[in-house]
Amino acid sequence: MNKGPLDKNLLDKFRKSKFYKLDFGLKEFKKKDDIQFLIFLATLSGFSGIDIIAKSEYIKLACDEIHKATKKSNELQINCNPQILLFASFGINKLSNLKESSFYKELDMFRNTPFHVLDIHFNEITFLDNFEKVDIICDLFKDKIISVNLSRKILSNAHMIDLLEKCFKNMKKNLIIEVEGMRFYDDKFNHNLQTISTADIINKQFKQKSFKYKNVPIILGNCHDLEIENLSRECNVSFNGISINYQSIKSLFKQKSYLYSNENIIFSVNKIKSKYINLQ
Amino acid sequence: MSSGLKNRFGLYMDLLQSSNYFKLVCGAGNEDKNEVEFLTYVYTLAGCAGFDVSASPEIVSSAKKGINAALIKAHDLNIKLPFIPFITVSVGMPGDHHVRKALITNDCVGCNLCIPTCPTDAIPENLIIIPELCIGCGNCEAACPPAADAIRYSHNSKELSTLLPKCVEAGAESIELHAGVPDDDSTMEEWKVVSDSVPNGMISMCLDRKHLSNEMLIDRIKLAKRIASDRLIIQADGIPMSGGIDDFNTTLQAVSIADFINKEMKRKDKIFRDLPVLISGGTNSYTGTLARKCGVPFNGITIGTHARKVISKFEAKPNDLTDEKLNLALNNARNLIRQNLYA
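So the protein lines, in turn, are chains F and R. According to the numbering used here, the residues represented by the first sequence are 838 to 1117, in order. According to the numbering used here, the residues represented by the second sequence are 16 to 358, in order.
Hints were generated in silico from the structure; no laboratory data involved. Treat the hints loosely; a few may be bogus.
To be verified - Below are the DSS-like pairs computed for lysine-lysine, each with C-alpha atoms no more than 30 Å apart in a straight line:
1) F:Lys1041 - R:Lys308
2) R:Lys285 - F:Lys990
3) F:Lys1041 - R:Lys324
Predicted model, so just to flag it, every value in this text is computed and none were measured.
Produce the complete structure using the sequences and hints provided.
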């Protein structure tokens, strides 16, 4: 599975800001069935992307669940997306202090697994002084799309723009930006404020700076629901997609009776759709 | 500390802790004495709590003149002013936007695109920028064609240890350091000079996220607190001097940085619980509304470009301003304060 060109359907979703992604980020899980059911239901609900840690067993698991859900959608006559983008999340901090050989080994462990987008979390500042590592990653994964995952925790506005310009040089049209606000806060509206203000900086200081950057999609990351759409609209901050934190969807399902019958599956899918997919 | 000073310090703290502090920013780089006198005159009558002016004894005197003229006028018009506003002088680290002056180099192609973008009319047709009017906003740089790239900046380096005492002598009660630069060591050296210049007054550090990540911002505030103790005010700056347009988008960054400081410092660490945070940098009539909507508490709001713009068409020497025009200007100024602090 390589990226191929982003198909028309996906590009259209980005253009209309209707790209929804289920996000597990860099988290690893003791119980895999916790994530299996969420991927299965999200695929059936019409999510356009699944984002999971860049480890071969997780990527394989996600592919299997997407496949199962697609088959189920035919049986239940539910319209789900013909192509789901599979994101593999990777923390740049894993590469700091690694020598060249170990560096390649770390990346090789999942390089040939079937995902579409490498989601690089820039969670370590040292790469700014050693940008060749990012160049090497872009080169190694040139058959994939690269998603640059940014927050202002360790990056200043100037750092973010510098980083995006460098990544664009390597990836051109195969670049996606994902922005995150502040993690670990209960008050969603405030998290949204940090996320959209980061997107606003990227819109103004990167996307609007040059015509060539205009179409790079921005995904609002680690969201808990669609309230962020309202605040973005009021503040006139444009974006192309929303990434929903898995915990938020998981909290809808206290019991795992969701798979016991087709009726339960349809009920669960409708529940997710009504809360996380804006079809208007 | 004399009782007079104590009272002024207490009043300042009360205004901050009751979130009633509205400050007009005349501009760290604004050395237009007439404009400063006009702005301080109108906004004192409108109930403004403080003014931020360039670090120049002459400009501080102009601000004092404007305030004194307003006190006399208030008496004539029977306006009750609850306090005399505070004057803060602004200084900045080399490289900070607030204290730079633009220059047009020989690479200029004479397209004149920069002229209409200047908010203070500092670029005449001969394209030699008038330094007294330039506020360093960077609009000219944004308009300059990349192929020409003809805008550069100079930093009017000031010897703070001799300049600041003169400003204090002229009537400044508080000092603000614009510290939106990456280097902590040099910033702290200047901050110490600022602190020593008004040992009994509030001192404010103005920070934005252009060169500072969230983690760097926290570290900077912690260092500032060590020197300033309870006299520290943080001015959370969205995008410096970006408040030309009056909408939510323009003020988003200002509210967002204040939100971050509230959460990461005021809520988490009791030492910072009472740290006054002023919102600035892209502030306008929507700032208070957006902050309230997003649950972002603040101790005050400081407005520059937008606050000057809403009364600019009435600009005149206080004695030449008719009562009719004064009332119109006051109405606009009062509305702006009300919308932000009380709406």
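Hints and how they fare:
no.: 1; hint: F:Lys1041 - R:Lys308; in the structure: 23 Å, holds
no.: 2; hint: R:Lys285 - F:Lys990; in the structure: 22 Å, holds
no.: 3; hint: F:Lys1041 - R:Lys324; in the structure: 23 Å, holds
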